[in-house]
Amino acid sequence: GDSVTQMEGPVTLSEEAFLTINCTYTATGYPSLFWYVQYPGEGLQLLLKATKADDKGSNKGFEATYRKETTSFHLEKGSVQVSDSAVYFCAPRPHAGGTSYGKLTFGQGTILTVHP
Amino acid sequence: DGGITQSPKYLFRKEGQNVTLSCEQNLNHDAMYWYRQDPGQGLRLIYYSQIVNDFQKGDIAEGYSVSREKKESFPLTVTSAQKNPTAFYLCATWDPAGGFNQPQHFGDGTRLSIL
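Chains A and B are the protein sequences, given in the same order.
Quick note: the first sequence uses this note's numbering, first residue 240, plus one each step.
Quick note: the second sequence uses this note's numbering, first residue 5, plus one each step.
Some hints here could point you the wrong way.
Claimed, not checked - Derived DEER-like restraints, expressed as beta-carbon distance ranges:
hint, chain 1, residue 1, chain 2, residue 2, range
1, B, Thr81, A, Thr244, 19 to 25 Å
2, B, Val56, A, Thr244, 19 to 25 Å
3, B, Lys61, A, Tyr269, 37 to 43 Å
4, B, Thr24, A, Glu281, 34 to 40 Å
5, A, Lys291, B, Gln60, 46 to 52 Å
6, A, Ala292, B, Asn22, 45 to 51 Å
7, A, Thr267, B, Thr90, 31 to 37 Å
8, A, Gly317, B, Ser71, 46 to 52 Å
Stated by the list, open to error - Where chain B lies over chain A, by a calculated footprint (3+ residues, C-beta under 8 Å):
hint, stretch
9, 300 to 311
10, 321 to 327
Said to hold, decoys possible - Beyond 10 Å from chain B on every Cβ pair, some chain A residues (computed):
hint, residue
11, Pro270
12, Ser271
13, Asp293
14, Gly341
These aren't lab readings, by the way, just hints derived from the structure by calculation.
Glycine included, every Cβ here is placed at the ideal spot set by N, Cα and C.
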């Protein structure tokens with residue numbers, strides 16, 4: 240079945256440090272790939288997405304590239320801020336209907352804490 | 005998401021009691037989902053609905069029930085059969101007409117605890 244492996248956390252960084260959160264997946268065919276962010280006590284918000292091989296999703300300084308050959312979708316940011324402290328989830332969605340109808344497969348989440 | 009309202013924000017359940025979590029959306033999305041989130045874990049799918057009057061079990065449906073009588077509403081009942089209900093519950097929607105490239109949208113969640 241489909242699965243996601245995310246970099247284990249928690250990750251603790253100083254402000255302005257470089258961030259990488261690794262994500263690899265197994266999925267049927269060529270899924271769409273999403274990164275979501277969850278701030279304390281809130282629901283999930285879409286951070287970025289990529290829908291085909293070599294696509295780069297970007298938002299708020301975060302980037303991730305759809306690597307079909309390595310089935311990876313690593314999240315990066317060049318200079319993190321305290322306000323980036325949150326939980327980050329990688330989530331592929333296979334392009335299939337039926338019993339997979341629109342469902343996302345979530346990684347376990349990576350907790351990021353950024354100190355001033 | 006402003007278009008998805010979950011209520012209440014906090015809920016307490018007594019032993020042997022059923023409780024219902026509300027999820028209302030004004031995004032006009034056909035598909036709706038319920039997830040459970042435990043500390044340090046990812047989201048696990050409880051139930052989902054593709055369309056009004058239809059719903060399917062997810063990965064952890066035991067001890068839960070749902071209904072989908074209106075497009076806007078997808079309430080989740082946590083029954084007394086669910087022995088470990090303490091968790092954060094998230095409702096999500098998706099617009100199939102937009103295709104598989106479109107994301108799911110999430111509400112702000114309900115935190116359920118045992119008294």
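Going through the hints against the structure:
no.	hint	in the structure
1	B:Thr81 <-> A:Thr244: 19 to 25 Å	violated (33 Å)
2	B:Val56 <-> A:Thr244: 19 to 25 Å	violated (36 Å)
3	B:Lys61 <-> A:Tyr269: 37 to 43 Å	violated (27 Å)
4	B:Thr24 <-> A:Glu281: 34 to 40 Å	violated (22 Å)
5	A:Lys291 <-> B:Gln60: 46 to 52 Å	violated (28 Å)
6	A:Ala292 <-> B:Asn22: 45 to 51 Å	holds (47 Å)
7	A:Thr267 <-> B:Thr90: 31 to 37 Å	holds (34 Å)
8	A:Gly317 <-> B:Ser71: 46 to 52 Å	holds (47 Å)
9	300 to 311	violated (count 0)
10	321 to 327	violated (count 0)
11	Pro270	violated (8 Å)
12	Ser271	violated (5 Å)
13	Asp293	holds (15 Å)
14	Gly341	violated (5 Å)
Of the numbered hints listed earlier, those contradicted by the structure are 1, 2, 3, 4, 5, 9, 10, 11, 12, 14.
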